[in-house]
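2 protein chains.
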Amino acid sequence: MNIGFVGVGRMGANMARRLRDRGHHVTTLFDANRAAVTALAGEISAIACPTLGDVTAGADVIFTVVSDDSAMRSIFSGDDNLLVHARGKLFINCATVSPEVHLEAEQLAENVGANTLEACMASSITQAREGSLYLMCGGREEVFRRAEPLLKELSSSLRFIGRSGEAAKVKALVNMVMNINTAGLAEGLGLGHALGLDLTMLREVFSQTGAASRVLQTDGEDMQNRDHATFFSAAHAAKDSGIALAVGEAAGLDLPLARATKEQYERMIAEGLGELDKSGIAELTFKDRRSKSA
Amino acid sequence: MNIGFVGVGRMGANMARRLRDRGHHVTTLFDANRAAVTALAGEISAIACPTLGDVTAGADVIFTVVSDDSAMRSIFSGDDNLLVHARGKLFINCATVSPEVHLEAEQLAENVGANTLEACMASSITQAREGSLYLMCGGREEVFRRAEPLLKELSSSLRFIGRSGEAAKVKALVNMVMNINTAGLAEGLGLGHALGLDLTMLREVFSQTGAASRVLQTDGEDMQNRDHATFFSAAHAAKDSGIALAVGEAAGLDLPLARATKEQYERMIAEGLGELDKSGIAELTFKDRRSKSA
Chain A
1 MNIGFVGVGR
11 MGANMARRLR
21 DRGHHVTTLF
31 DANRAAVTAL
41 AGEISAIACP
51 TLGDVTAGAD
61 VIFTVVSDDS
71 AMRSIFSGDD
81 NLLVHARGKL
91 FINCATVSPE
101 VHLEAEQLAE
111 NVGANTLEAC
121 MASSITQARE
131 GSLYLMCGGR
141 EEVFRRAEPL
151 LKELSSSLRF
161 IGRSGEAAKV
171 KALVNMVMNI
181 NTAGLAEGLG
191 LGHALGLDLT
201 MLREVFSQTG
211 AASRVLQTDG
221 EDMQNRDHAT
231 FFSAAHAAKD
241 SGIALAVGEA
251 AGLDLPLARA
261 TKEQYERMIA
271 EGLGELDKSG
281 IAELTFKDRR
291 SKSA
Chain B
1001 MNIGFVGVGR
1011 MGANMARRLR
1021 DRGHHVTTLF
1031 DANRAAVTAL
1041 AGEISAIACP
1051 TLGDVTAGAD
1061 VIFTVVSDDS
1071 AMRSIFSGDD
1081 NLLVHARGKL
1091 FINCATVSPE
1101 VHLEAEQLAE
1111 NVGANTLEAC
1121 MASSITQARE
1131 GSLYLMCGGR
1141 EEVFRRAEPL
1151 LKELSSSLRF
1161 IGRSGEAAKV
1171 KALVNMVMNI
1181 NTAGLAEGLG
1191 LGHALGLDLT
1201 MLREVFSQTG
1211 AASRVLQTDG
1221 EDMQNRDHAT
1231 FFSAAHAAKD
1241 SGIALAVGEA
1251 AGLDLPLARA
1261 TKEQYERMIA
1271 EGLGELDKSG
1281 IAELTFKDRR
1291 SKSA
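Protein sequence lines, in the order shown, are assigned to chains A and B.
Residue numbers for the first sequence follow the numbering used here, so the first one is 1 and each next one is one higher.
Residue numbers for the second sequence follow the numbering used here, so the first one is 1001 and each next one is one higher.
Treat the hints with care, as some may be off.
With the C-beta cut set under 7 Å, the calculated list includes, among others, these residues of chain A facing chain B [as the list claims (entries may be wrong)]:
| hint | residue |
| --- | --- |
| 1 | I47 |
| 2 | A122 |
| 3 | I125 |
| 4 | V170 |
| 5 | V177 |
| 6 | G184 |
| 7 | A211 |
| 8 | A258 |
If you are wondering where the hints come from, they were derived from the structure by calculation, not from laboratory data.
Values in this document were obtained by computation on a predicted structure and should not be read as measured data.
From the three backbone atoms N, C-alpha and C, an ideal C-beta is built for every residue, glycine too.
Isolated chain A, as found in the complex:
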C-alpha cells in the first residue's frame, strides 16, 4: 500500500514521518508551499508531485491535511484535483472543516468509485509525530474498518463517531468549548495579575477547584510567561469557533459565550496577533500587554 499526503504543514509532515517510521510507504506529496514539500520529500524519500492528480496516481490511500473549507473544496473539485483516475482509492480527510464539506467530498469521491473518511484530530503537532493523535472518524463504517489498522499507527485513541460530517461536528464542539475555556482562563489570570496576586499560586488554586480545566494545564503557565509559541494558532481558534457558531446559528441556538470567544480571537487577528498560539489571548486581557489599543 502506497500512501500520499496533500498538505505537509507541521501536522501533515509529522504524520507522514510517523507512518514512514512505522514502515509504511509514503510515496507522493503535494503542498502549495513548494519549499516545504520539496524538503519533506527529500527527508523521507518521497515524490514532491507537481499536481494533485499525480498524488492520487502514485498512492492507494491519500491523507489530506489542508487549512480550511475552501482548500478542501479546491482539492476535490478544482481544475487540478485528486479525483482523476481515483477509482478504488481512499481519501482520509484530516482538516478541521465544516461538516457539510465532508459530505460533499464523500459524494464527489463516490461518484468516481473512490471512498473518503473524515479523521478529525483533537491533538497537536507532537502527538502527530509520536503517533498518539486523538482521532475521531466519520464516514461509512466499512470504510473505517478497512482504514483502522493504518489509523492506529497514528493514534492513541481512535473512535468511530458516525456518518461523514459527524466527527467534524464533535471536533467543532470540542474546539468551541476549549476556546471558551481558554478565553475565560485568560480573563481569570489577567484579572489576577491586575489585582497583584501571585499567578503561580492562583493557577495552583484554579487546578484544585472548580476552575480546573485541561487548558489550565496546557496554556496557563504560557499565559503567565507570555510564551505563545504556536501549537494551535489564534487564527485557527477563530476559524474553529466560527464553524461551531455557524452550525449553532443554523440550528437556531443563541451561544453568547462562543460568540464572545470568537470576537476575542478575531480581535487578536485584527491586532496582528493571529499567528500566536491560542494562549496569546491573554495578551488581550493582561494590562500593559496590548500591542495597539489601550
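Got chain A; can you put chain B on it based on the hints?
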C-alpha cells in the same frame, strides 16, 4: 473554647455539625430564619440566640456564613451587631463577599479589640459536612496561625493567601472562571443536542480532549439529565460573577467572557430559574427546554 455561628443555612449548619462531631463546643447560633436556627439548636444542643450580641457573648470564636455584602455589613455594624463586648474574640468570615467588605469588618473588629479572619470556601455542602472544605484564608498571619487547628477540622486543603480581602479576590476569580466554563459547557452540550449527537459520547470525548474541565465532571451529566438539584445556585453564580466583574472594572479590564456569563445567569434569574443549580444554565441553551422565551 466555645464556638458560635451566624448564618445556619446548609453550609453553616454543616460546618457546625462537623465541629460538634469533632468534639468542639458549638454554643451559640443566630439566623434570621428562626425556624432553621431553632431546628439546628435542638439538633446539636446549642442556643438559638435572639440577638447577634448574644452570639458573641456566648462564644470565643464566631463563624459567619452570611449571604452577601449587605448582610456582612449589617452583622458588623447594624443596630444589633457582633461587636458588642467583643474584645479578644475571633470572627471567621466564610461568606463570599467583596474584598473590601473583609477589610471593613477587620477594621471594625480591631477598633474594639477583636480579630477577624476571612476563610473563603471553594467547595460545597457535602464537603462542609465531611470536613473536607477547600479553605483560602486572608487576614493577619498570626491570627491565621491561631485559628489553624480549628480550621483544619473543617478542611482538607487550607491555605493562607495574604491580607484580608486577598482570599476573596482569589475566590472571586475561581468562581468567575468556573462560571465561564460552566456556561461554555452548557453551550457545547446544548449544541451537541441540537445536532443530534449522543451526549454521553460527547461528554466522554470532551473529557479526553482540550474541552475537559472540572465542571464537565461535576455538571456535565446533570446538564444532560436536567438534574439541577441545587449545590451552588444560579443566583449565587450571578452574584459571584458580579463581584469579579466589579473588581475587574475597577482595575480597568475588559472581560467579555465574564460579562456574557453573568448575563446568562441573570437571564436565569429573570426567567425564574435562579434557584436551580448552576448546571441549570443548560436550560437556556438546549432547544425546547426554555421556560419562557422561544
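Does A211/A hold up as a contact with chain B if the rule is Cβ-Cβ below 7 Å?
At 4 Å from the nearest chain B Cβ, A211/A passes the 7 Å test, so the hint holds.
Grab the minimum C-beta distance from I47/A to chain B and call the hint holds if it beats 7 Å, violated otherwise.
Status violated, d = 35 Å.
Is the interface hint satisfied for A122/A? The criterion is a beta-carbon contact with chain B at less than 7 Å.
Interface hint status for A122/A: holds (4 Å vs cutoff 7 Å).
For the restraint on G184/A, tell me whether the closest CB of chain B is nearer than 7 Å.
This hint holds: G184/A lies near chain B, its Cβ roughly 3 Å from the closest one there, short of 7 Å.
Would you check whether V177/A satisfies its interface hint, that is, whether its CB is within less than 7 Å of any CB in chain B?
Holds - the Cβ of V177/A comes within 7 Å of chain B, reaching about 4 Å at its closest.
Chain B contact restraint on I125/A - CB to CB distance below 7 Å:
Violated. Min distance 14 Å.
Would you settle whether the hint for V170/A is holds or violated, based on the nearest Cβ-Cβ distance to chain B being less than 7 Å?
Status holds, d = 6 Å.
Does A258/A pass the interface hint, meaning its C-beta sits closer than 7 Å to a C-beta of chain B?
Holds. Min distance 5 Å.
The structure is inconsistent with the numbered hints 1, 3, although it conforms to all the rest.
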